[in-house]
Amino acid sequence: MHTTDPAFRPVSSLPMTSPLSQAKLPLLQMRGIRKTFGSVTVLQDVSLDCNAGQVHAICGENGAGKSTLMKVLSGIYTPDDGEIRIDGQLVRFTSPGQANAAGVAIIHQELALLPHRTVAQNIFLGHEPSRLGFINQRAMHEGACAALQRVSCDIDPRLECSRLSVAEQQMVEIAKAVSLNARILVLDEPTAALDDVESQKLFTLIADLRRQGVAMLYISHRMAEIMALADQVTVIKDGQRMATLSADEASVDRIVHLMVGRELSDFYPPSAARAPGADVYAVEDGRNEYVRDVHLRLREGEIVGIAGLEDSGKIDLARTVFGEHRWHRGRVYTWDGCGAARSPRDAARRGIGYLPDDRKREGLGLRQSLRDNASLTMRALAGPMADAYRGTRATLRIDALLKQVEVRAASLDMPVGELSGGNQQKVMVARWMARQPHLWVVCEPTRGIDVGAKATIYNLLRDYANAGGTVLMVSSDLVELIGLCDRLYVMAQGRIVAHLPRGSSEESIMAQAVRHDFDGPVVGEQP
Amino acid sequence: MSALPIRSQASSRRSVQLERTPVNMPMQFLRRNAVPITLILLSCAVYVGAAIATDQTTQLSLAGIVGLLQRMVALGLVALGQSFVIIGGSIDLSVANLISVSAVLAAYFMQGQPDAIAYSVVLVLIAAAVVGIINGLLVARLKVNPLIATLGMGLVLQGILTVSFTQLQGTVPSVYQQMAYGQIAGIPVAVIGLFALAVLAALCLTYTKAGARLLAVGGNAQSARLAGINCARVLVGAHVLSALMAGLAGLYLASWLGAATPWVGRDGGYDLDSIAAVVIGGTLLAGGRGSIAGTLAGVFIFATIDAVFNMLQINAFLGQVLRGVVVIVAVGLYTFRSRSHTA
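Same order as they appear, the protein sequences are chains S and L.
Sequential numbering from 735 applies to the first sequence in the numbering used here.
Sequential numbering from 109 applies to the second sequence in the numbering used here.
I should point out that these hints are in silico values taken from the structure, not numbers from a laboratory.
It is possible that some hints are incorrect.
[As the list claims (entries may be wrong)] Taking lysine to aspartate or glutamate pairs in the EDC-like style, the calculated list, with each CA pair at most 20 angstroms apart, reads:
no.: 1; chain 1: S; residue 1: K1094; chain 2: S; residue 2: D1070
no.: 2; chain 1: L; residue 1: K317; chain 2: S; residue 2: E894
no.: 3; chain 1: L; residue 1: K317; chain 2: S; residue 2: E959
no.: 4; chain 1: S; residue 1: K935; chain 2: S; residue 2: E1044
no.: 5; chain 1: S; residue 1: K971; chain 2: S; residue 2: D814
no.: 6; chain 1: S; residue 1: K935; chain 2: S; residue 2: D972
[Claimed, not checked] Far from chain L, by Cβ distances over 10 angstroms, these chain S residues were calculated:
no.: 7; residue: H861
no.: 8; residue: G947
no.: 9; residue: S980
no.: 10; residue: A1074
no.: 11; residue: G1254
[As the list claims (entries may be wrong)] Each pair of labels, with its calculated beta carbon distance range:
no.: 12; chain 1: S; residue 1: A1114; chain 2: L; residue 2: L426; range: 18 to 28 angstroms
no.: 13; chain 1: L; residue 1: I234; chain 2: S; residue 2: S829; range: 25 to 35 angstroms
no.: 14; chain 1: S; residue 1: E894; chain 2: L; residue 2: V439; range: 14 to 24 angstroms
no.: 15; chain 1: L; residue 1: A142; chain 2: S; residue 2: E817; range: 28 to 38 angstroms
Bear in mind the structure is a predicted one, so any value in this text is a computation, not a measurement.
Where is the CB? At the ideal position from N, CA and C, for every residue including glycine.
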């Protein structure tokens, strides 16, 4: 590590300055950062310090300017005004390479590893050990092993990255930063795609890096993480810094209040307004290449959650219900008596909706307008002639729906890719509300979106259930499953291992999700 | 694709020791290149079968096989350059017309004078490099879609050539034809040259920083940029290489034919054939993964198809049908294989 880390420098080796004043100088200082795009001011006079060995959390709704601030720090954008100091030295980055060289590394929300290259090649991308242009393969392999060891990760550096899980890829990204001797590490929603076990691993690693004197800027929407990890919390709203709180001052309610100006108590809508109605979808002893022993029953007016680790098969179960995968065995009951969905089109036509877990890849045409995206399914299933699902009347209906889901956009004709994640998700929700499905399968409905949009989507889902719809909700966020769902299934290793009632604790869900018995008993009774 | 339920076990099995575990290199090579190897064996079998069936056993002699290899040279050179461009996530449709330009310029500069060979070759290669630089800048700096940029460049070249061809008449000296017809130990110099260049290209791709950068830019330009790689420079480099290889192919054709026509490149169909050969070899059209050995395999397959149709005295245009089928089958096999890998 660098000798400039106060945590590592022996006190006796500081003849000129006292250890106190040395420790007081923050490793990173950002002062009065301003950034505008055209006439829009995205950041306005934002200042922020981070000491070596400290985790500084940055909170704010999507679109508040967190990511822009981090891009300014890592040289992707240059600020219009303001200064950045590292170790007290004024720096001015005009490219990501310069920021890297100065010890700033950023772990992006969307992981950017090259899928067809090995772990080692990815770790050393752009700074391969070489002589006369020829890569020193041995040095690269050993360097990669060392970097992976520093992040306590036992991946073989010769593996192709396409074969790693999301969590492993993230470890590789962090190892890459470590191999660059990064002293300032930006983590942009690192747990968005991780389950709880993987997140715990990441937190251990963060604690490790903290001990090694790395300064970390941590962006997340998950309050529990921020409360557990952060030494300081800065809240940004509309491009301005609202407050910087120390760990003692920070509380979830206070942070959320600063972010959105609203208390957390009205975050989740009240539970179901009435008792569940008739069966809508039921499977007995269902099985296919992804899941097995599935006993599932969904009734009118219910929101039923599916919890599980990343590889538990929960998404595959959702896809099977929607007809993307087929059931190979098992008795399937549906409300219309037509049996399991044979394809997504079949499902959509009969009234099963599907909100994919990866809205950018499976949901939206990013270059097309909000309106086109929202009306996609409705128009795809419409007849050949202009009717309520086509033509002007359909457009009016879509516009009304987009208004109802509270999309905030300059225009309904702008490309949906330019919206924040929360607004993009609302467009997805509107797309299916236009179909008014009987059964709505939603996967990770609030992944990577801000608190305000989360609350809107929870309310929309609850309203839909209260109006007689059925929601099957797959999520990695236990808190939202507990807060929103009427009951829960827990999946592990491709099968449903437990059925839990409303009000179950996070611990009881996790205990089931991490079960390793191949054929153990199913906990809890179905209604 | 989504993970299998038994993923957790798989991952623990995968996390082997970090120390050097012996990797079965030959097996790995076979598995990686299964499709090109199968296609090569298949086309060899068809070639031998056709030669025996039509009683043209001279095709199986050393001379016959050397002739087969010689058919590879022009397309092989272009396809090597094309490999670099495609691996970098771009494409070069201007190669065919650039070949014509190079061949015509070579003949014009030489005017049958043996002592003009050296500077003519240099001038032609410089001209080709300039075309490559323009292609690269259009794609990397102005962000013109590579398909459009290089197609447009090809049209420009063809137009210039058609207009000025009457002023660009010339012949190559007979010494220069040694480049195409000369042999060392019974093997044509040009074939040796092609394979030497291929080895060089493969080494560059696998073992140099430049190769790693090219693969990075093709795999994900944004992450390459964030890793501090100058994407524009890498892309321009790839386009210059492609243009240089097309220039070499033009020089070779001028030597082979003794004179040049402005249609030599277009009639050879080098643009689409070179792309097809690269794709048959297992290089992803989207970039980021590719193999030089595969490209050579693709070129070899095309050469045998031509030879076999020659032997069977079938209309050469039917050969196009077979080429098309081979390309589709090969790409289909890759997709099928990669799907079965992940499922």
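Verification of the hints:
1. K1094(S) with D1070(S): 32 angstroms, violated
2. K317(L) with E894(S): Judged against 20 angstroms, a Cα distance of about 18 angstroms means the pair holds.
3. K317(L) with E959(S): 40 angstroms, violated
4. K935(S) with E1044(S): Given pair K935(S), E1044(S) holds - Cα atoms ~14 angstroms apart, limit 20 angstroms.
5. K971(S) with D814(S): 19 angstroms, holds
6. K935(S) with D972(S): It is violated: about 33 angstroms lies between the C-alpha atoms, which goes past 20 angstroms.
7. H861: 7 angstroms, violated
8. G947: 23 angstroms, holds
9. S980: Given a closest Cβ separation of 32 angstroms, the condition holds.
10. A1074: 19 angstroms, holds
11. G1254: 14 angstroms, holds
12. A1114(S) with L426(L): 18 to 28 angstroms: Given a distance of about 42 angstroms, which is not inside 18 to 28 angstroms, the answer is violated.
13. I234(L) with S829(S): 25 to 35 angstroms: 31 angstroms, holds
14. E894(S) with V439(L): 14 to 24 angstroms: Since the Cβ atoms of E894(S) and V439(L) sit about 20 angstroms apart, the hinted range of 14 to 24 angstroms holds.
15. A142(L) with E817(S): 28 to 38 angstroms: 57 angstroms, violated
Consistency with the previously given hints fails for numbers 1, 3, 6, 7, 12 and 15, ordered from lowest to highest.
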